[in-house]
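Participant: Quick note, the sequences are listed as chains A and B, same order.
For the first sequence, the working numbering assigns the number 258 to the last residue and increments by one with no breaks.
For the second sequence, the working numbering assigns the number 258 to the last residue and increments by one with no breaks.
Treat the hints with caution; some may be incorrect.
As the list makes no split between identical chains, a pair holds if one copy fits it or if it spans any two.
What the hints assert, rightly or not - Restricting the straight-line Cα-Cα distance to at most 35 Å, the calculated cross-link-like pairs of lysine-lysine (DSBU-like) are:
no., residue 1, residue 2
1, Lys221, Lys236
2, Lys177, Lys239
3, Lys163, Lys191
4, Lys85, Lys191
5, Lys163, Lys37
6, Lys37, Lys53
7, Lys85, Lys114
8, Lys239, Lys37
9, Lys163, Lys84
10, Lys84, Lys213
11, Lys209, Lys114
12, Lys213, Lys81
Since the hints were made in silico from the structure, they are not lab data.
Source: prediction; values computed, not measured.
Number of protein chains: 2
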Amino acid sequence: MRRRKKNGGSDLNKIYVVGIGPGAYEQMTVKAAEILKKCDVIVGYTVYAELLKEYFPDKEFLTTPMQKEIERCRMAFEEAKNGKKTAMVCSGDAGIYGMAGLMLELSADYPDIKIEVVPGVTAALGGSAVLGAPLGHDCAFVSLSDLMTSWEVIEKRLLAAAKADFIICLYNPSSRKRSDYLRRACDIVLKEKSPDTVCGIVRNIARSKEEMKVMTLEELKSSQVDMFSTVFIGNKDTKVIEGRMVTPRGYRIDRFRI
Amino acid sequence: MRRRKKNGGSDLNKIYVVGIGPGAYEQMTVKAAEILKKCDVIVGYTVYAELLKEYFPDKEFLTTPMQKEIERCRMAFEEAKNGKKTAMVCSGDAGIYGMAGLMLELSADYPDIKIEVVPGVTAALGGSAVLGAPLGHDCAFVSLSDLMTSWEVIEKRLLAAAKADFIICLYNPSSRKRSDYLRRACDIVLKEKSPDTVCGIVRNIARSKEEMKVMTLEELKSSQVDMFSTVFIGNKDTKVIEGRMVTPRGYRIDRFRI
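Just chain A, with the same shape it has in the complex:
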């Protein structure tokens, strides 16, 4: 876990920024599981640390709540500086709306510590597998959280993605303070996509109480979602096959009908 390399007299420690996938142990990569098994301390968001304690009961866990991400990253750097084998965990992937970027930004303050990013199954992929195959063609990921991005930018991206008929996957579709954001997002997308566009919601991907629902864009507009939901809006070719959401890539299967 530690890369021994002389660097101004001190050892170069490594922090692994690990995407743990949607939540279940089995949806972690083999590499992510190996790293967490070998590390001394696991740093992460409180909710995901709780999930991991079940699988790695003998590890030291350090957590911070939401909106304390910078403090969380610094905790990880301090552990690594003290010689601990350290992993910073992110739900889903390490990079997609994850901690890898912030860790690399802050790494300037810790020149002796090297960052290795370990990818994982992000919610778009985990949720897509539950729904069927909604992301079978060009797609765009948009977070509806306006904590760090202005709503004007979010709106512009939604409209552009809808206009060019991207499949759209919405991250952070709701929170207590943003309970009407999904409706607002649907209103924008409805300017360009048909109300009949096939959509889907997945909740608690790969955890107990996993739920999925396929519906139209018009129905999505009045749907209730929470922060554990991921939302999919199809393109013009997306269809429902035996209750599942499927976006064809474009294979001419009619020519090959048996």
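Given the coordinates of chain A, assemble chain B onto it according to the supplied hints.
Facilitator: Structure of chain B alone, referenced to chain A:
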């Protein structure tokens, strides 16, 4: 592996459509590895089957070359019909430009066979981890292959994604017949993004001879890529930190400088 459920007198067989990640065994999910260990036959594209033979030498492999995807899917259904525990493998994820959609489309012809989709680390995530954290904000995935999508649609999507300042990840950026497509794509993106936009190329993700390079959009335009390359075009905030490509999410780290 088999779900015993009475369905018109016959057992309901299951095919797993498995995303195997970028290529290395350790970047497969724990679930993907377990399924491949337990199955009798693995169906896939010739190149990826070769990769897997190393890890699962005692399995039966059935392959078809590119552009024989429909035949490949039917082979999998026939194996499952004959009672074999069958996995259809896809590089990266099962859904993102993978076989899950086509398998679900064809499943109408095989009512006794159930499809389970097993997600995996797609090239955008695997490549992103190698580069650093290019996908730290809203992003769009566009395939430059015009085998099944018209170039007009591809062009429209590239322009829309560039205009709304999405990070863009290009799949299938080149092939023998499409050697100038990356240059054409860059010309479109350059209408909206600065020539200084930070970009990256990753080749042979998680395989031997893995390579990465960070450059400007102007430099990307004249770069050579092949079908094993994934290309990343940053947004206006993407920067280079110690040789790595990083798109900040928007945390105000200046306020927290130590």
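Participant: Kindly indicate which numbered hints from before are broken by the structure, ordering the numbers from low to high.
Facilitator: 4, 5, 9
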